[in-house]
Amino acid sequence: MRSTARPVAWLAFVAALCGGPAAADLKIAYIDPLSGGAASAGINAQKHMTYLVDKVNASGGLNGERLQLLSFDNKVDPQESLIALKKALDDGARYIFQGNGSSVALAISDAVAKHNERNPGQEALFFNYAAIDPALTNAKCNFWHFRFDADADMKMAALVNVIATQPQIKKVYLINQDYSFGKAVAAAARRMLAEKRPDIMIVGDELHPLQKVQDFSPYVAKIKASGADTVITGNWSNDMLLLIKAGKDAGLKVNWYTYYAGTLGSPSAIGRDGIGVVKQVSEYHNNALPELDPDAAAFRKRFTEKDDEFGYYRLNTAFLLFAAAANKARSNDPIKVAKALEGMKLNTTVGEVEMRADNHQLLQPLFVSTFSDNVKYDVERTGLGFKTDAKVNARDTALPTTCQMQRPN
Amino acid sequence: MTRDGETDIPRLAPPAALRRWAATRRLWLVAAAVLIVLPFFPGLDSNFGRSLLSQMGIAAIFALSYNLLLGQTGLLSFGHAVYFGLGAYAGIHLMRAINGGLPIPMPLIPIAGAATGLAFGVLFGALTTRRAGVVFALISLGVGELVLAAMRMAQGFSGGEEGITANRSLGPHPFGLTFAPQLQVYYVVAFWALIATVLMVAFLRTPVGRLCNAVRDNPERAEFIGYDPVRIRLIAFSVAAMFAGLAGGLHALNYEIVAADAVGAAQSGTVLLMAYIGGVGTFLGAILGAITITWLQVSLSDYTSAWQLYLGLFFMAAVLFAPGGLAGLLLLHAPLVRKRAWVGVLKAYVIASLPALVMLAGGVTLLEINYRRATQPEVGPRMTLFGVTMDTSTPWPWLVALGLVIVGFYAFRRSWPLVSAAWRRADNAALARSEGGR
Amino acid sequence: MLEIIAFSLLNGVVYGLLLFMVSSGLTLIFSMMGVLNFAHASMFMLGAYFSYQISRWIGFWPALVIAPLLVGGVGAAVERFGLRHVHRQGHVAEILFTFGLAYLIVEFVVMVWGRNPIENRVPAAIDFPLFTLFGTTYPFYKGLMMAIAVAMFAFLYLAFKRTRLGLIIRAALTHPQMVGALGHDVPRIFVLVFATGSALAGVAGVIGGFAFLTEPSMAQSLGPIVFVVVVVGGMGSISGAFIASMLIGIVQTFAVALDYSLLDLLHTLRVAMPSDSPFYAISSIRIAQVAPLIPYLLLVVMLIVRPRGLLGTRET
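Chains as they are written, first to last, in numbering that gives the first Met the number 0: chain A, 0 to 408; chain B, 0 to 437; chain C, 0 to 315.
Errors might be hidden in some of the hints.
[To be verified] Cβ pair distances, simulated, as ranges:
#, chain 1, residue 1, chain 2, residue 2, range
1, B, I103, A, G342, 41 to 47 Å
2, A, Q167, C, L132, 21 to 27 Å
3, C, W56, A, D372, 26 to 32 Å
[Unchecked claim] Below, a sample of chain A positions facing chain C; criterion: calculated Cβ distance under 10 Å:
#, residue
4, G203
5, V212
6, L241
7, L319
8, S330
Simulated from the structure, these hints should not be mistaken for lab results.
It should be emphasised that the depicted structure is a prediction, and the values quoted were computed from it without experimental measurement.
Just so you know, even glycine gets a beta-carbon here, dropped at the ideal spot from N, CA and C.
Whenever a hint applies, use it, and build me the whole structure from the sequences.
In structure tokens, the structure reads:
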């Protein structure tokens, strides 16, 4: 008996620590990497969340309820994310925000749908702000998931539209991370280039292991050997930084059409070598408007580290839509808010946005911009910034969808 | 040690063996009762609490299988998660088949996991168990990395980075159980945990099990008495892999998703951590280690953002000061408790713990201040710790914390002789009692 | 074609030399003390971070000297105050101690320098192209890296084979107890070896920090490969470590350049493989995708076939 008394006592101790009281605020959960290789993205977005939650609370909250932010570290691991999700739901969170890693987003989307099915009356919504695998609003769409970032295909369409206007581009090299998102980028590039510029030759389609490659010089050598004049890549975080670094070391002279060269250390790593040749597609950059967006300015005042850029403008849009939907539904109940969110249109500082009702994909203006030293506002205190090449209106970014959404009644 | 000609296997007189068998039976019944009642404890009766218990149960089976490998057979493996993960994949694929119409009830999923673990255990074991020690450890590291990379590449089987999902409530519902509520999943986990533990204990009582211990202690001698250590290691390896696969199958059932990380180095490292901190070589150690580490990993991050640092320090302290792990520490006191000589020692512990707590408070404060400054500078210099608000841009918090550490450490060292004296007294009292008492 | 071969060879040699720089210290430590030092790659990381900090305070060239000395000091302290106590508890405890140490070093680095990659820029003094080949430039710091690695190899080789201390250490590799019995201060030799090994990793870190990103997870990216090098090269053999690191560096780099898969082989042999066959997925895997796997494959094969390694003097 004595040897079982100890484990029991231990467990009672554990139990006492696990219990927690419920509070009256509206709880929102933020699940993203706060440690590990992708931590810089997760921490940066967390600062955005903190800023936006404070902003909403300063104006009275939503329907009178204050927002409370609960943060969870998932280390970009789908399993950790599900544990965090269970904790969040148990703590009473009804709105889940996540974005870094499409693999995680797919897991959370699935898990939230299952939870809602098994626990009627305790539904939760999933607000995805950065996971852009197209499947989430197509084959794997569900009513509880809303995406606030243009998906990989929409972004590629914007990039290809700009490429189509450049007759000097003849040979394109594709290099991406070897997982669902990277493959989606490569497939979209092939498809859309064939449509818009069939004369362009795709001289390479490389998939490298995700977050594993330290030395990109062999890949850069291949790009060189292929004679490409343009590289299209969806790489993010370290993979983006290291690729650009290796390209710089080898003196590679190509145009870089990227998704993520404007954030999280990439501009600092690129430096002056990127002027005129590095491009990105994004929903905002510091020179998209004649002056800084007021929230971007306020954010930069509050967070003053070098890497604290307002890179997630779409989170701001997400909160604006969230508040507007809660107002329209006159309630914070997830089902009512979701129904109000569908089809909602709103004016933001960069233009009109619309949340599609058929697949819960946000339509917002997209900017294709080039790295330049002739700008009013720089990025990451490098003295360099991005300059708009082209702007696509929200409506024009829409693509057909295969989503067959099951709605609750 | 015995002389030449004698074997090491002890012969037991029937009455003692029978008494021990009955006592052990009681232990299992109590354990079963505790498992049944546990999810209704206050604090554990939420969805999350039951989920935590399920996680702990799965971790316990995994840690026990690792104990079989390391503690009982002496094989240090850095790639044990391979069998866990492959068992999990087998489980999730079977679940998908059930979702598609196969009429097998969900609680039988772990059997598929166990079978897969066994199969791969035999396959990889045949290649790798020819040598023990450091060579074996390195091969296991290599195999682990290879399987992880293979899983990442075999997208059809493993779903790559996103993994494979299934639905545990879409299938036959025996007795009306849908396995949608976490409580039902917990009971499945608890059931299999009990079965697995019973089987592992039974395995170690068989001649093969005893030989595992022999191979761990002295493989050359085992050879002399006529048994091939390589064969024994292979058997132990396969059995350990089987139970790891069982845990993997439960993992698939609990999370309804399996991603490539299930076979990865992080998972292998975690089970090593659990086995070591709990105490290598004892069943209690593996279970304690699993519970402790799971709780720390899940809940510590709620209290502090430096939780990984604390986990690392905890591990180092265990390696340096408590090589027998938590179980070792507890068992150290078992003779005292049995002889009822523990009061004096407890009093000495209480006295010694006060300066230790002071020292820890100072240390934690220093770490927290530094961590906050390095990782969250925008939150500003004001922070609240242990109910005390302080401004870290002034030198006072630093000096106070440093002072606490120094004073606490000094006082703590002064209290060690007290503890040794108490132990000596307790030992003498215990000796006196056992000689004079009966 | 020639271009790709030339650059793959060059990049492969550089990568291999970097691996050698990091693993030469570990060969010493592993061979001498039998300690599987998981924290060795962490010394590499500390070298990078220390050099960054010292460069900011003083300058790059002093950092090249001071940072490795600091790392060597850390190594000496680790051996004297930590490893020595754990030594008597056996190999498992030693391994776990270094395991925990690696973990703690990462946390320490995060606490001081934060989680994000730091801007460890190549200092202006060595940031210029060394030469231009086929239109691609080759940076000078990579050439410096090669020179330092070769110098390291020469130093270790000569120290081992020509000095008295090297003789004692070599003897301790195969007959540690006898060396102790002959009256040499084996514990002091242990400290010296550990410190030297760590300092060598520190030097690698100073230069490697430029080649790779300097961030808290750089140790665990490089860690396993360094073990592979030591094991494949063989116990107690500096030349073995050199050959193994060059082998892995060159093969892995060349593999990335090869876009061939089993499917291509089947095509040339005029064997058809339908795209819905279960083997299609496996056959269409290109060698380039498999490249990061090659070191581990080599490790497993070597340990099964020849646990002594290529030029090892004994097994463990």
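Hint check, failures only:
Hints 7, 8 not satisfied by this model.
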